[in-house]
Every structure is written in C-alpha cells, then in structure tokens.
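Chemist: Sequence order for the protein chains is S and D.
The working numbering puts the first sequence at residues 758 to 982.
The working numbering puts the second sequence at residues 758 to 982.
Check before you lean on any hint, since a few could be wrong.
Copies of the same chain are indistinguishable here, so a pair counts whether it falls within one copy or spans any two.
BS3-like cross-link-like pairs, simulated, lysine-lysine; straight-line CA separation at most 27 Å [stated by the list, open to error]: (1) Lys-926 / Lys-967; (2) Lys-926 / Lys-871; (3) Lys-934 / Lys-967; (4) Lys-816 / Lys-926.
Treat the hints as calculated values from the structure; they're not laboratory data.
None of the values given here were measured: they were computed from a predicted structure.
There are 2 protein chains.
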Amino acid sequence: MSEKLPVIAILGGTGDLGTGLARRWAQAGYQVIIGSRTQDKAEAAAADLQKIMAERGVKNVSVRAADNLAAAQAADIVAMTVPFSHQKSTLESVKDALQGKILIDVTVPLVPPKVARVQLPAEGSAGQIAQALLGENVKVVSAFQNVAAHHLQEGKGLDCDVLVCGDSKDARAEVIKLVEAAGMRGFHAGSIANAAAVEAMTSVLIFINKQYDCHAGIRLTGIEE
Amino acid sequence: MSEKLPVIAILGGTGDLGTGLARRWAQAGYQVIIGSRTQDKAEAAAADLQKIMAERGVKNVSVRAADNLAAAQAADIVAMTVPFSHQKSTLESVKDALQGKILIDVTVPLVPPKVARVQLPAEGSAGQIAQALLGENVKVVSAFQNVAAHHLQEGKGLDCDVLVCGDSKDARAEVIKLVEAAGMRGFHAGSIANAAAVEAMTSVLIFINKQYDCHAGIRLTGIEE
Chain S
758 MSEKLPVIAI
768 LGGTGDLGTG
778 LARRWAQAGY
788 QVIIGSRTQD
798 KAEAAAADLQ
808 KIMAERGVKN
818 VSVRAADNLA
828 AAQAADIVAM
838 TVPFSHQKST
848 LESVKDALQG
858 KILIDVTVPL
868 VPPKVARVQL
878 PAEGSAGQIA
888 QALLGENVKV
898 VSAFQNVAAH
908 HLQEGKGLDC
918 DVLVCGDSKD
928 ARAEVIKLVE
938 AAGMRGFHAG
948 SIANAAAVEA
958 MTSVLIFINK
968 QYDCHAGIRL
978 TGIEE
Chain D
758 MSEKLPVIAI
768 LGGTGDLGTG
778 LARRWAQAGY
788 QVIIGSRTQD
798 KAEAAAADLQ
808 KIMAERGVKN
818 VSVRAADNLA
828 AAQAADIVAM
838 TVPFSHQKST
848 LESVKDALQG
858 KILIDVTVPL
868 VPPKVARVQL
878 PAEGSAGQIA
888 QALLGENVKV
898 VSAFQNVAAH
908 HLQEGKGLDC
918 DVLVCGDSKD
928 ARAEVIKLVE
938 AAGMRGFHAG
948 SIANAAAVEA
958 MTSVLIFINK
968 QYDCHAGIRL
978 TGIEE
C-alpha cells in the first residue's frame, strides 16, 4: 500500500466479532493489533487468526497482539468490542492512551438474561457513556453494533449496513472508510445520541433471530450510494 | 369480501401518514374511520380522500369521518397518528373506548427542533407510555414509525419493512395482517419495550434523509418470509 493507513487496535478483540473485524481490516492492508486484558489471551487469538489466514493463502497481513493498554497506545484508531458490563472498566484503563484519537465503540447495552428486550441505559446509550467518560478530546464513534459476528465469517454474505454515529463528522467519515474496508456500506447516522437507535436495534434483531430462526441484519433503502 | 374484516379507526388521521394508511386499508377492503379532534376536520380529510380515490377509479371503498372518541368507539382496531405532544391527551380522551381493543401506536417521540437527534422519553418509548396509560386491557402494538408518508403515496415504492412491537403476540399478528394489507412486510419485533428501537430509528432516518437528500427506509435482511 502506498498510502499510509492508520494502525487499528481492537480492544477486547478476542471474540468472534473482534477477530472477524481484525481479519477483514488486515486483509484490506491495515496493521491490526488485537488487544485483550492479558497479553497471553491476545496472543492466542492473534495466532489463531494468523493460522486461519495462512491456511486460506492470505499473505502479507499484519496482525499482532498486546494487552489492551499497549494496544491502545500503539494504535491510531481504537475499536472496542467488549461486553457492556466491561465497557466502563476497559475505557478507564485506556483513557489516557485514547486522548486525541478516535474510539470506535461497538458496545451494545444488553442486560442478560433478557437480551432480546431493549433496556437502554439512563445515559441514553453506551456511546454516550463512552463519550462522557473519555472527554471531548476523544472522538467517540459508534458503529458495527448490528453486525452479527456470523456475517463476518468467510463466505457469508455481508448483507447488513452500518449506521455510524458520533459528534464529529470527520471522525464518522474515517470510520465509514473502515466500514467499507470491512466490506459493508457505512452511513452518517447523526450524533452520538443516535447510537441509542442502533444499540436498541440489536435487541430487536436478537428477538427476530429467535422468532424467525435466522441471522437478520438491516439495510437502508431509498438511498443512493 | 366474504371474511368479516375489522373496522379500523385512525385517530389524528388527517395528516399525510394517517390518510395514506386510510387509503391503503380502504383499498384492501377494510372499513376505515378517519378521526380528528373535531368532526369537521375529519370530514374534510375523508372527503379529500374519497375524491382522490374516485378520480383514480377506486370503487367500493368505505372511508368515513368522526371525532376521535366516536371513531374509537365504533372501531374494532384503533390506530393513532398524532404528534408526540398530543399522544397523552388523545389517549386519555379515548381510554374507555379502547378497553378490550388493539391500539396501534404510531407515535414517534420527536422533540423539536432537534428531530434528527434521538431523545427517547424517560419511560423508554412512546409505546410504553401508551401501554402504561391505557392499562392491561388494551393491547398496545407499535408499528409504522419508520414509514415516511412519502412512501404511502400512490406510485411510490414501499421499500420499507415494519417492525411490530407489543406484549401480546396475537395482537402483533393482527397488526402484521394490516401491515401486509397496506403493502409492506411486517415482522414480530418483540415486546412493547422494543418500540424504543424503532422510534429512535426514525430520528436516525430523518438525519439520513437530510444528509443524503433521500427518503430512506429500513429493510430486514437474512430473513425468509
């Protein structure tokens, strides 16, 4: 790649969604750092991913491992795919490292056991919680909350759009580039308050998946690319 | 029609969305009552609609007018398309008439002037406000919040799905029939708490319409009908 691409860290990146994004971004030429609470766990996930990509003949990709703090420090753009119950503690542990950067918050405020029921936090949305906690020098952009990890697997369709919310239009535009690099359409969807709509939709999709035995996603209609 | 279809009232049904639904349901063979705060206003809207349908050669349709209370009393299923600021007062005025019936709440909790910003009520959603106000003998089902009136106009595509939320599965199924009668796909989307997702999505769509100069809707993907 002749263009200098940002280095991306994925905090809590050892799950299906995190590693799915990691692979897609790595294949698109980005340097990706998988972060976890411990270096060991991150290394295991990165090794698994490298093995899968090697088996499929994917070459010249950069995926490395680090603990969440080191990952956040080393990256230009930081994504976070952790359960809602770990959102605040994870953000607090990397707050300083995120200053001046974009945080892509993928947190969905599910409240087990009723994960198919919308139960938004008093703050409005997980995205707003992140923005308030990190302060105005971090550009929080919420995205990917409706993307089932299933859809990121090799050979599965990505028939799902990504609604990108955040108070900075420039930061949203940067994230839309990453959405497209991952093989989906991304759209400006308004301020970080609007993350509530997308986060809540995840519970609706969980309900629909159960009701109709499917892997549902949403797409925008009536819009030209 | 050999089957006895329910009579449908549309409270606050004089606007573009209400008359759009009225026309589609009337054309599908339902008896429709357009309700408004005054009989005069309802009659004007019904007369306009009858004229449009006559001009287009639509025959044997039943659209009549009444004030909101009389409309609610005469109907089997009651839909309500009023601004959020009128939701509670309208419901209070027809509460007794709704007992034992299905209320289709189309209320979107927009807070002007920032209608493109999600600002859900403390109760969670307008749907939950309606259910709490009306009590458990009214089956509140929220639907149609993401359908732009634009899409109901003749000759326009209805490239938009309807997510149907409510605590009664049977009532949701009744409403899904009405969604289909209006020419769209309807899906079970969970309890009335899940109306929050759909209501909030309307603000996102308003933002997207402005940002991309379009009339956006949403469709589910990955689901077989």
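Chemist: Determine for every hint whether it applies to the structure shown.
Modeler: Structure-based check of each hint:
1. Lys-926 / Lys-967: This pair counts as between: shortest inter-copy Cα distance 14 Å, intra-copy 35 Å.
2. Lys-926 / Lys-871: between (34 Å within a copy, 17 Å between copies)
3. Lys-934 / Lys-967: Only across copies: Lys-934 and Lys-967 sit 21 Å apart there, 32 Å inside one copy, limit 27 Å.
4. Lys-816 / Lys-926: This pair counts as neither: shortest intra-copy Cα distance 34 Å, inter-copy 51 Å.
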